[in-house]
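4 protein chains.
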Amino acid sequence: MIAKPAPSSIAIPTTMKAWVLGDPDELTLVDKPVPRPGPAEVLIRIDAVAICATDLEIISGGTPALIEGELPFNKNFTPGHEFMGTVIELGPSVDEFAVGERVAVEIHAGCGRCERCREGMYTSCLNYGQNYGQHDKGHRANGYTTDGAFTQYAVNHVNTLVRVPEGMSDETATLIVTAGTAMYGLDVLGGLIAGQSIVITGAGPIGLLAVGVAKALGASPVILTDLVDERLQIGLKLGADHVINAGKESVHEAVARLSGGRGVNYVFECSGAPNAVDDAVKLVNRGGRVCLGAFAHEPALVDVRHIVSNNIYLYGIRGEGQSAVKRAAALMAQDKLDAALIHTHTFPLSELPTGLRYAREKLDGAIKIVIKNQEI
Amino acid sequence: MIAKPAPSSIAIPTTMKAWVLGDPDELTLVDKPVPRPGPAEVLIRIDAVAICATDLEIISGGTPALIEGELPFNKNFTPGHEFMGTVIELGPSVDEFAVGERVAVEIHAGCGRCERCREGMYTSCLNYGQNYGQHDKGHRANGYTTDGAFTQYAVNHVNTLVRVPEGMSDETATLIVTAGTAMYGLDVLGGLIAGQSIVITGAGPIGLLAVGVAKALGASPVILTDLVDERLQIGLKLGADHVINAGKESVHEAVARLSGGRGVNYVFECSGAPNAVDDAVKLVNRGGRVCLGAFAHEPALVDVRHIVSNNIYLYGIRGEGQSAVKRAAALMAQDKLDAALIHTHTFPLSELPTGLRYAREKLDGAIKIVIKNQEI
Amino acid sequence: MIAKPAPSSIAIPTTMKAWVLGDPDELTLVDKPVPRPGPAEVLIRIDAVAICATDLEIISGGTPALIEGELPFNKNFTPGHEFMGTVIELGPSVDEFAVGERVAVEIHAGCGRCERCREGMYTSCLNYGQNYGQHDKGHRANGYTTDGAFTQYAVNHVNTLVRVPEGMSDETATLIVTAGTAMYGLDVLGGLIAGQSIVITGAGPIGLLAVGVAKALGASPVILTDLVDERLQIGLKLGADHVINAGKESVHEAVARLSGGRGVNYVFECSGAPNAVDDAVKLVNRGGRVCLGAFAHEPALVDVRHIVSNNIYLYGIRGEGQSAVKRAAALMAQDKLDAALIHTHTFPLSELPTGLRYAREKLDGAIKIVIKNQEI
Amino acid sequence: MIAKPAPSSIAIPTTMKAWVLGDPDELTLVDKPVPRPGPAEVLIRIDAVAICATDLEIISGGTPALIEGELPFNKNFTPGHEFMGTVIELGPSVDEFAVGERVAVEIHAGCGRCERCREGMYTSCLNYGQNYGQHDKGHRANGYTTDGAFTQYAVNHVNTLVRVPEGMSDETATLIVTAGTAMYGLDVLGGLIAGQSIVITGAGPIGLLAVGVAKALGASPVILTDLVDERLQIGLKLGADHVINAGKESVHEAVARLSGGRGVNYVFECSGAPNAVDDAVKLVNRGGRVCLGAFAHEPALVDVRHIVSNNIYLYGIRGEGQSAVKRAAALMAQDKLDAALIHTHTFPLSELPTGLRYAREKLDGAIKIVIKNQEI
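Chains as they are written, first to last, in the numbering used here: chain P, 1 to 376; chain A, 1 to 376; chain H, 1 to 376; chain R, 1 to 376.
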């Protein structure tokens with residue numbers, strides 16, 4: 001569906017529907033006041049939001065970076081973070097966007113005042129989660145530490161906004177941020193990947209879009225691994241040169257064969273599997289690089305000696321960064337990356353719990369579930 | 001001892017004494033022909049060589065990178081790699097050095113023809129160990145895969161040579177390459193370390209010289225950890241701002257206290273301890289970086305989720321690289337780094353086995369044992 | 001003079017003395033209300049401010065970046081930007097600093113919302129000068145586009161503050177930002193300069209402190225050029241290995257001799273002389289790099305073919321950047337850089353016009369004039 | 001034309017036809033012995049070579065980098081450097097390529113022993129032109145300083161070889177190196193150009209292929225300037241989003257309009273026009289970057305102050321570098337870059353003088369003239 005052209009002035013209601021998280025797994029649909037934008041902020045009418053695996057964690061187990069800090073379960077807020085919508089009100093001083101523009105929204109707004117934000121690494125903000133009251137340092141992580149997108153309206157800093165390419169459906173536009181994370185993973189590996197070999201481990205949404213971005217930028221060969229043939233098939237549609245079902249054949253042997261015995265230049269680890277890091281460092285050649293983009297659940301055994309002997313670099317990333325989301329949007333605008341291939345289901349906002357169940361249980365081949373927020 | 005000025009022409013004997021490795025731990029002193037330099041090479045009279053922990057491994061257990069490739073025990077060659085000497089003959093086309101110049105020698109000469117060498121990463125040479133006969137790709141690793149320095153003369157490529165600063169003793173000059181490795185570890189962390197906080201884990205030779213290099217470049221604070229108080233004391237002499245005996249207090253608590261609870265910017269892991277990597281990633285702040293410079297012996301449990309959540313980068317290095325050895329020599333020439341502090345014992349070449357025993361058993365507070373190669 | 005310890009609470013007056021710029025060269029001392037800090041800001045009692053050559057330009061000819069944009073002469077504000085002082089009030093949410101701490105202050109606070117700020121390049125803020133009324137994007141450049149330091153109190157964003165090392169005089173602390181700019185110039189050249197050769201052209205404050213920073217980091221040789229022997233003498237005190245009076249000998253011949261005919265690795269151009277860029281690109285070796293740090297007054301003839309044939313890179317910098325000021329402060333705290341050598345005169349705030357005259361006419365060997373802002 | 005499959009063993013004649021340069025503009029077709037490959041080298045049967053503007057300079061005016069060094073006119077050698085062919089003999093130790101493989105050939109083989117080669121910057125080799133007799137440092141620049149490709153056979157180092165993608169014609173394969181230079185220009189600008197704006201000034205072969213590479217990597221918008229409408233039309237076919245005839249409208253006004261008044265992120269200067277550098281630095285936004293890839297003929301007036309005020313970086317490149325040629329070949333193999341669009345004419349080796357005349361006088365819309373070397 002292509003969103004209808006938005007008028008230059010859009011009526012703003014005073015209240016909205018919002019899902020609010022109570023105790024683990026307790027989501028309630030309530031009425032909340034529509035927030036208003038401050039300086040450098042805009043108010044967005046949320047048109048669509050995709051469900052991410054991390055949403056399931058936040059709702060059931062707690063916000064990742066916070067529980068590591070041993071904080072109590074984060075509740076009384078609205079989760080949801082992969083969203084897009086329409087700008088409907090500008091805060092003071094904003095002229096970067098106009099009312100009526102469609103935007104996708106990055107998750108992280110750094111505090112802008114810590115050492116990391118000052119060097120441009122806003123996803124590594126040292127004030128992560130410092131966003132309340134007198135301790136409000138300005139950090140925002142939609143749906144992680146601050147109110148997110150399982151609702152109808154949201155305020156966001158202009159830094160986090162990326163224009164939705166003309167003609168792109170709302171559903172596809174929710175995947176821009178996912179594609180941006182995939183692109184950022186390739187950025188930290190060096191970014192100059194045309195003609196370079198890469199293995200992407202794990203055919204979840206980020207891994208699949210990483211295949212698409214890598215192919216769009218000319219990587220060759222692009223090898224995708226997973227345990228599920230259906231997902232590998234989507235990888236092939238997104239351009240993977242080779243797919244390996246890790247449950248059916250040895251990934252090491254297959255990659256050795258495909259790389260003339262030397263290993264590949266890069267691995268982008270998107271599976272979170274227990275042995276994933278140790279595997280990854282053994283799939284790259286000497287001097288190779290590995291991006292770690294999945295939240296593993298248990299500490300993993302890693303052959304550190306192999307990393308040292310072979311001058312291997314590893315880069316952990318917690319999400320998008322730099323201008324990767326904007327660059328990924330450009331590839332999508334140019335039809336170089338068909339992100340829509342991973343969108344499988346759509347539900348109205350009122351049926352969010354159903355959507356979450358499809359995502360959690362991977363019902364009916366679910367990959368990306370999109371919620372339409374104005375349908376309720 | 002300051003080496004006597006060398007004449008512009010130095011007599012070259014036809015044979016020399018050399019220790020040759022047979023089966024594990026079998027070193028024999030034999031007579032061998034003095035080698036002659038080819039194009040881009042020089043003949044060096046070896047004046048002194050320091051014993052490195054890796055020498056002990058190579059002699060007892062096999063050359064690290066080779067055994068990982070499951071090759072047989074590397075024998076019938078001369079180990080030893082941290083050496084310096086005097087140029088006594090120039091190969092064809094060499095005018096970069098003159099006969100009589102004193103030089104320290106980097107371990108690695110890349111093949112110059114693989115993808116890594118072509119990008120300047122010669123320590124990650126993809127033809128590592130390809131140095132014999134028709135398969136000779138040109139890679140050289142003194143004392144690892146090719147003849148090293150427990151002998152009296154050696155041929156080396158001009159790429160591997162660094163001038164010894166005037167007035168520096170032979171013994172100290174053997175430490176230039178060690179200092180270069182320490183510097184390279186800081187390079188890969190970003191290199192701009194004045195005023196930045198760093199923990200160096202492990203007070204072996206590389207860790208101790210890393211303290212010295214970090215202080216020379218203005219890092220602050222520099223925190224050193226180890227289990228041995230005597231080594232930590234030397235760290236203090238090299239400029240460490242704080243030392244932590246990991247056997248007596250919690251490194252995490254101490255570092256948290258010293259860093260205002262945030263963790264440090266960098267960790268340079270030089271211990272090879274089983275928990276070292278997991279500790280390291282938890283000592284840095286969000287967005288922090290870790291250099292892995294020690295050959296651990298067993299796979300280690302690592303909290304991958306923590307790496308991902310916190311955007312942490314890890315850099316394995318197998319030794320010196322880029323121009324780090326030359327830069328380290330410059331710091332030593334300017335008396336900014338007193339590497340001599342880690343030199344503890346000296347033996348003549350004929351007593352190499354005694355020197356190795358001191359190194360292995362850490363007798364009499366041994367850190368760096370230097371062998372004088374012309375004394376036999 | 002070492003500043004007296006500040007109490008944890010310091011009385012804040014309601015008005016202060018401030019020099020205000022009217023038409024070109026018209027400075028008037030007036031009473032103004034003391035400003036109050038907003039979120040992420042602090043109020044600083046200005047203890048000392050140094051006069052920079054750019055102050056003279058701003059006062060007589062207009063703010064550089066603004067006149068290039070062909071805006072009218074910037075007036076009705078307070079110039080002055082190289083300052084330090086004492087934190088006397090914290091804005092909401094500030095706990096990064098405490099009342100009573102002494103701080104030096106970077107000139108630029110980026111808007112935090114443009115593409116450049118978002119990537120950490122706040123000195124290249126695309127909203128430069130957008131700092132008024134509804135168009136206030138948040139950019140601040142003390143004494144350039146917003147009120148500066150020829151007054152007694154100022155509000156600044158916490159991003160711009162660097163702690164003054166203990167025991168450092170107010171006068172010396174005003175030079176921290178100058179040293180930071182010098183360091184940033186070396187950063188953009190790559191930063192790994194131990195043992196690397198560099199020519200610094202122009203012995204003004206930035207050039208002289210660049211000598212000091214380069215030596216502190218181990219560069220070798222460091223060659224300084226200027227037309228004034230007295231300034232070159234100060235360069236020698238700051239550690240220059242060689243100085244060249246460009247009015248008395250050929251810089252090219254001297255550098256060729258000192259570099260074995262090959263040229264140096266780096267040039268940091270701090271003179272703004274008409275031929276400076278063309279000279280600089282011919283002083284570096286093939287693949288060499290040049291930092292341009294001086295505001296030249298006229299377009300210059302440049303041999304572009306030479307730049308292209310020799311793979312030379314040039315980096316324009318308009319001031320400090322990244323964390324260079326903090327890193328420079330660390331070198332000063334460690335007594336590795338004696339910035340006080342360039343401080344020549346001190347005047348009370350009431351005598352600012354005299355100080356400006358000394359600076360403009362270089363009276364009595366004037367290099368850095370410091371104004372003590374509480375003396376009036 | 002698709003080259004016929006090559007047998008695994010190909011007959012090697014003892015002599016070949018070669019054009020040899022005498023005094024300026026004096027080319028003579030002679031018989032020469034076919035050279036034989038040494039270690040790390042292969043013998044190539046040259047199938048096709050494209051004429052580059054620099055060939056015309058070398059033949060008429062002298063080899064660029066040499067005349068800058070004020071050396072005499074380089075003669076008695078064979079020019080020509082943009083070539084491809086078939087491997088017909090392997091030197092000792094070569095197994096990277098097989099007899100019968102089709103390869104394109106990079107121009108530069110660095111000496112492998114200077115500071116620049118050691119850091120991977122082989123196009124900045126400090127031993128440029130040091131390739132004869134006892135002074136032979138190993139540097140090679142086909143057709144510049146050593147024998148090139150206006151002949152039938154050539155020996156080249158394996159470092160310089162890139163496989164020709166299957167199914168690509170000989171003529172198109174001669175453009176791989178040109179495309180590699182275009183790609184390298186984008187590399188030095190940062191390389192992450194999807195969704196970034198760029199102006200390419202000059203629609204010669206490098207400029208045109210830069211349009212193609214930039215579009216292949218997702219840059220947007222890509223703006224091309226030139227004085228010749230026919231060339232701009234080819235730019236549109238290669239994907240330019242906008243073209244500007246600089247003789248008919250103001251480039252500054254057009255770019256300002258297309259970039260919302262801010263300027264673009266990058267300029268790749270490929271024209272060599274007198275005002276090109278000054279224009280370029282004014283087309284980029286603050287913090288923007290400029291690659292200089294054209295050999296200008298006269299020193300140019302440049303507004304240095306503008307470069308400094310706006311933190312602009314400039315990167316001179318003298319040709320291809322790093323692995324850019326291999327990466328460009330990958331884009332061509334994936335049909336992402338239709339380099340054949342710039343190939344306009346073909347002549348047999350015997351008619352080289354005619355080909356050169358077409359190139360020099362741009363007869364009949366000539367852009368790239370290809371010589372078929374086995375047709376004589």
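Treat the hints loosely; a few may be bogus.
Since the list gives no way to pick one copy over another, a pair counts as held whenever it fits inside one copy or between any two copies.
[Unchecked claim] Taking lysine-lysine pairs in the DSSO-like style, the calculated list, with each CA pair at most 30 Å apart, reads:
#1 17 / 32
#2 237 / 32
#3 282 / 75
#4 32 / 248
#5 372 / 32
#6 17 / 362
#7 32 / 336
#8 336 / 362
#9 282 / 32
#10 17 / 237
#11 372 / 282
#12 75 / 248
#13 237 / 336
#14 336 / 75
#15 237 / 75
#16 282 / 17
#17 17 / 248
#18 248 / 372
#19 17 / 336
#20 282 / 248
Worth flagging that the hints you see were computed from the coordinates, not collected in a lab. Because the structure is a prediction, the values reported are computed rather than measured.
Results of checking the hints against the structure:
no., hint, in the structure
1, 17 / 32, "within (6 Å within a copy, 50 Å between copies)"
2, 237 / 32, "neither (42 Å within a copy, 53 Å between copies)"
3, 282 / 75, "between (41 Å within a copy, 26 Å between copies)"
4, 32 / 248, "neither (50 Å within a copy, 55 Å between copies)"
5, 372 / 32, "within (18 Å within a copy, 55 Å between copies)"
6, 17 / 362, "within (27 Å within a copy, 68 Å between copies)"
7, 32 / 336, "neither (40 Å within a copy, 50 Å between copies)"
8, 336 / 362, "within (27 Å within a copy, 36 Å between copies)"
9, 282 / 32, "neither (51 Å within a copy, 39 Å between copies)"
10, 17 / 237, "neither (37 Å within a copy, 50 Å between copies)"
11, 372 / 282, "neither (43 Å within a copy, 40 Å between copies)"
12, 75 / 248, "neither (42 Å within a copy, 40 Å between copies)"
13, 237 / 336, "both (12 Å within a copy, 18 Å between copies)"
14, 336 / 75, "neither (40 Å within a copy, 49 Å between copies)"
15, 237 / 75, "neither (39 Å within a copy, 52 Å between copies)"
16, 282 / 17, "neither (49 Å within a copy, 41 Å between copies)"
17, 17 / 248, "neither (47 Å within a copy, 57 Å between copies)"
18, 248 / 372, "neither (38 Å within a copy, 50 Å between copies)"
19, 17 / 336, "neither (36 Å within a copy, 47 Å between copies)"
20, 282 / 248, "within (19 Å within a copy, 36 Å between copies)"
Going through the hint list in order, the structure does not satisfy hints 2, 4, 7, 9, 10, 11, 12, 14, 15, 16, 17, 18, 19.
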